[in-house]
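Chemist: Protein chains in written order, with this note's numbering: chain A, 11 to 427; chain B, 1159 to 1302.
Possibly wrong hints are sitting among the right ones.
As the list claims (entries may be wrong) - With a Cα cut of at most 25 Å, we get these calculated SDA-like pairs of lysine to any residue:
1. B:Lys-1181 to A:Ala-42
2. A:Lys-38 to B:Ala-1194
3. A:Lys-426 to B:Ala-1194
4. A:Lys-38 to B:Asn-1266
5. B:Lys-1201 to A:Ile-394
6. A:Lys-419 to B:Trp-1178
7. B:Lys-1183 to A:Lys-186
8. A:Lys-184 to A:Ser-169
9. A:Lys-38 to B:Glu-1180
10. B:Lys-1268 to A:Asp-48
11. B:Lys-1181 to A:Lys-277
12. B:Lys-1183 to A:Lys-127
13. A:Lys-390 to B:Asn-1204
14. B:Lys-1201 to A:Gly-361
15. A:Lys-390 to B:Gln-1249
16. B:Lys-1183 to A:Glu-341
17. B:Lys-1190 to A:Ser-423
18. B:Lys-1181 to A:Pro-267
19. A:Lys-426 to B:Cys-1184
20. A:Lys-426 to B:Leu-1243
21. A:Lys-426 to B:Glu-1176
22. A:Lys-390 to B:Arg-1200
23. B:Lys-1181 to A:Asn-372
24. A:Lys-390 to B:Lys-1201
25. A:Lys-186 to A:Lys-277
26. A:Lys-265 to A:Gly-154
27. A:Lys-426 to B:Ile-1265
28. A:Lys-419 to B:Gln-1187
29. A:Lys-419 to B:Cys-1184
As the list claims (entries may be wrong) - In silico contact screen, one side only, chain B against chain A (beta carbon under 10 Å); selected entries:
30. Leu-1179
31. Lys-1181
32. Tyr-1182
33. Gln-1187
34. Gly-1189
35. Glu-1191
36. Cys-1209
37. Met-1212
38. Ser-1230
39. Ile-1234
By construction, these hints were calculated from the structure, which means they are not laboratory data. All C-beta atoms, glycine included, are put in the ideal place defined by N, C-alpha and C.
Listed below are the residues making up each chain.
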Amino acid sequence: MNPNEIVCNSIYKDLFKIRSAFPVLHQKINGAPLIYLDNAATTQKPLSVINAIDEYYQRYNSNIHRGVHHLSQKATMAYEESRVKIARFINARHAHEIIFNKGTTDGINMVAYCFNKAFLKKGDVVLISAMEHHANIVPWQIFGQENGVELRVVPIDSSGELNMDAFRSMLDEKVKLVSITYVSNTLGTVNPIKEIIKMAHRQQIPVLLDAAQAIAHTAIDVQELDVDFMVFSGHKMYGPTGIGVLYAKETWLEKMPPHQGGGDMIKEVSFERSTYNRLPYKFEAGTPAISSAIGLGAAVDYLEAIGMHEIAAYEHELTDHLMASLREIEELRLIGTAKDHAGAASFVISGHHNSDIGELLNQQGIAVRTGHHCTQPLMKIFNIKGTVRASLALYNTHEEIEDFISGLKNAISILKS
Amino acid sequence: MTINQRQDELIVRFSKMESWLEKYKCIIQMGKELPAMDDVYRKDANLIWSCQAMVWVHSEEKNGRLFIMADSDAFITKGLIALVLYVLSGQPITEIAASSLYFIDRINLKEHLTPNKSNGILAMINGIQTLASEGRLIAASCTI
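Can you make the complete structure from the sequences, with help from the hints?
Modeler: See below:
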């Protein structure tokens, strides 16, 4: 099979071909085929992404933006082409609204630093939700504490849904930014982000969207959403690690100071002062993760060849199957049962430790994640230490879900005996 | 029996197990049979690991030997603890400090000793050996 072959549009028709493109999936653990259900942590990579990175290092590795020779020109074109691809993928108005960084955490830290510096003062409020990942809690504490910015938390209900009445009442004149996740990495809750953005904008409050768990699983149109900032990671969308994107409207990027100084982000430098480069380079200091950006562009190609609506529809079916099957297990309690649900299925098993369940699944070739999933405040709300979490991707199958459920029942049985 | 004699005994016992299932059933059973630590010892000062699984360790020295009690809230961790205690508890302190626990690798449980493994077994072994060599039990940090 030609690893660069673009897959057809129907996932069911091409499931075998799709799975064939992911080398990691084809191995056995203790004699059992690997069933990879830890996609919320990281997704596997198709050959087209692996080959794009390999080709870069084999054929045209060079530093970008500064060189006049052929290799540098080629590397620069490939890097900037990835930026254009991502802009198109999320329907950004301008490619210069796409800032490459290390990932979602890096992007949120950057906005937290820059937004604080440019706009926030003592007594201002940043509004987040109770289901946020630590990456959308701690940066606001670090960068806000210095100038007395308060972090306010919108509560959730027992199903893991955002309390929208509380959100409405918390949007007062002190709130200067809403920073919220699109899809919870622990609960699988899909937040009503269109409504959230509209409500915030009615009060001239900008919104930062953590799209880490959404970007590979649903079509996102930043202009339609009218979102001000959005962050996501390459490795959660079948791309390489070490690369991510901050999308921001150019009006915000023009007003915010850079968060890092160095090469490429400058226009002129003297010992007395420096002026900054135009967008997006103002926010991309130093030599970037060139190969990873190119790999991310290849991941976008891969997803667009299949189609985000196709992927979303298929994964919705898989998620329904998974949740329905988990509900049938007597000792199991689902953590996160929002009506609008995607991706992650978290649960606890009565009388059994998550790590024991996870280890016994591991021995059967089933990869899930156990623990607090970087959402410790959320665990406290549910009065648990952690969960077992299974999370899906486009290469998972209904058969894998059946095998996972069998493996889970087997693990429970072993622990009971 | 010495530390190494006990290790070799475990290696022989586990080598007769044909599958991962048999091995883990044995470990889980050992975990269930290991007596629960008295509440008086199951306290923060003895908590050397608090991550996905929690591990408490209490020890007493008698006549140059270290007698160790340990507990966990997860059965597999507790079973691995039982194996470590079988090998080390009651042994001379100087020998514990100098020991190399090769049995875990030899019974194909080496993956439980990686630093990012959240079950605390590596922390427990390091903690006991530090206790034996330096006289103080140091809690380890969860890396996840």
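Chemist: With reference to the structure, classify each hint as holding or not holding.
Modeler: We went through each hint and held it up to the structure:
Between Lys-1181 of chain B and Ala-42 of chain A, the direct Cα distance comes to roughly 16 Å. Compliance with the 25 Å bound is thereby established for this hinted pair. A distance of roughly 37 Å separates the Cα atoms of Lys-38 of chain A and Ala-1194 of chain B; the hinted pair therefore is violated under the 25 Å criterion. The suggested pairing of Lys-426 of chain A with Ala-1194 of chain B holds, with an alpha-carbon distance near 18 Å, which does not exceed 25 Å. Between Lys-38 of chain A and Asn-1266 of chain B, the direct Cα distance comes to roughly 17 Å. Compliance with the 25 Å bound is thereby established for this hinted pair.
Restraint check for Lys-1201 of chain B and Ile-394 of chain A: the C-alpha separation of about 19 Å stays at or below 25 Å, so the hint holds. Taken as a hint, the Lys-419 of chain A and Trp-1178 of chain B pair is honoured in the structure, with Cα atoms around 17 Å apart against an allowance of 25 Å. Restraint check for Lys-1183 of chain B and Lys-186 of chain A: not satisfied, since their Cα atoms lie roughly 56 Å apart, outside the 25 Å limit. A hinted pair counts as satisfied when its Cα atoms are at most 25 Å apart, and Lys-184 of chain A with Ser-169 of chain A does not qualify at roughly 29 Å.
Of the pairs offered as hints, the one joining Lys-38 of chain A and Glu-1180 of chain B holds, with about 19 Å between alpha carbons and a cut-off of 25 Å not exceeded. Proposed proximity of Lys-1268 of chain B and Asp-48 of chain A is supported: the alpha carbons are some 22 Å apart, at most 25 Å. Using a Cα cut-off of 25 Å, the hinted pair Lys-1181 of chain B and Lys-277 of chain A is violated, with the two alpha carbons roughly 64 Å apart. For the hint linking Lys-1183 of chain B to Lys-127 of chain A, the alpha-carbon distance of about 57 Å lies beyond 25 Å, and the restraint is violated.
Between Lys-390 of chain A and Asn-1204 of chain B the CA atoms are separated by roughly 23 Å; this keeps the pair inside 25 Å, and the hint holds. Taken as a hint, the Lys-1201 of chain B and Gly-361 of chain A pair is honoured in the structure, with Cα atoms around 22 Å apart against an allowance of 25 Å. Restraint check for Lys-390 of chain A and Gln-1249 of chain B: the C-alpha separation of about 41 Å exceeds 25 Å, so the hint is violated. Only pairs whose Cα atoms come within 25 Å are accepted, and Lys-1183 of chain B paired with Glu-341 of chain A is accepted, the gap being roughly 20 Å.
Taken as a hint, the Lys-1190 of chain B and Ser-423 of chain A pair is honoured in the structure, with Cα atoms around 15 Å apart against an allowance of 25 Å. Taking the CA atoms of Lys-1181 of chain B and Pro-267 of chain A, the gap is near 58 Å; set against the 25 Å cutoff, the hint is violated. In summary, the hint linking Lys-426 of chain A to Cys-1184 of chain B is supported, as the alpha carbons are separated by about 13 Å, within the 25 Å threshold. A distance of roughly 24 Å separates the Cα atoms of Lys-426 of chain A and Leu-1243 of chain B; the hinted pair therefore holds under the 25 Å criterion.
For the suggested pair Lys-426 of chain A and Glu-1176 of chain B, the alpha carbons sit about 21 Å apart, so the restraint of at most 25 Å is met. Proposed proximity of Lys-390 of chain A and Arg-1200 of chain B is supported: the alpha carbons are some 22 Å apart, at most 25 Å. At most 25 Å may separate the alpha-carbon atoms for a hinted pair to count; Lys-1181 of chain B and Asn-372 of chain A meet this at roughly 14 Å. Proposed proximity of Lys-390 of chain A and Lys-1201 of chain B is supported: the alpha carbons are some 21 Å apart, at most 25 Å.
The hinted pair formed by Lys-186 of chain A and Lys-277 of chain A fails the criterion: a straight-line CA distance of about 31 Å is larger than 25 Å. The suggested pairing of Lys-265 of chain A with Gly-154 of chain A holds, with an alpha-carbon distance near 18 Å, which does not exceed 25 Å. Under the criterion of a C-alpha separation no larger than 25 Å, the hint pairing Lys-426 of chain A with Ile-1265 of chain B is consistent with the structure, at around 24 Å. About 18 Å separates the Cα atoms of Lys-419 of chain A and Gln-1187 of chain B, which keeps this hinted pair within 25 Å; it holds.
The suggested pairing of Lys-419 of chain A with Cys-1184 of chain B holds, with an alpha-carbon distance near 19 Å, which does not exceed 25 Å. About 7 Å separates the beta-carbon of Leu-1179 of chain B from the nearest beta-carbon of chain A, less than 10 Å, and the hint is met. Because the smallest distance between the Cβ of Lys-1181 of chain B and any Cβ of chain A comes to about 9 Å, under 10 Å, the interface hint for this residue holds. Nearest Cβ of chain A to the Cβ of Tyr-1182 of chain B: about 6 Å, under the 10 Å cut. The hint holds.
The beta carbon of Gln-1187 of chain B comes within 9 Å of a beta carbon in chain A, closer than 10 Å, and the hint placing it at the interface holds. Here the hint on Gly-1189 of chain B is kept, as its CB sits about 9 Å from the closest CB of chain A, short of 10 Å. At its closest, the beta carbon of Glu-1191 of chain B sits 13 Å from a beta carbon of chain A; the interface hint therefore is violated under the 10 Å criterion. The beta carbon of Cys-1209 of chain B is positioned within 10 Å of a beta carbon in chain A (closest approach about 8 Å), and the interface hint is therefore held.
Hint status for Met-1212 of chain B relative to chain A: holds, with the closest Cβ pair at about 9 Å, below 10 Å. This hint holds: Ser-1230 of chain B has a C-beta 9 Å from the nearest C-beta of chain A, less than the 10 Å allowed. The interface hint given for Ile-1234 of chain B holds, since its Cβ lies 5 Å from the closest Cβ of chain A, which is under the 10 Å cut-off.
In terms of the numbered hints stated before, the structure departs from hints 2, 7, 8, 11, 12, 15, 18, 25, 35, listed from lowest to highest.
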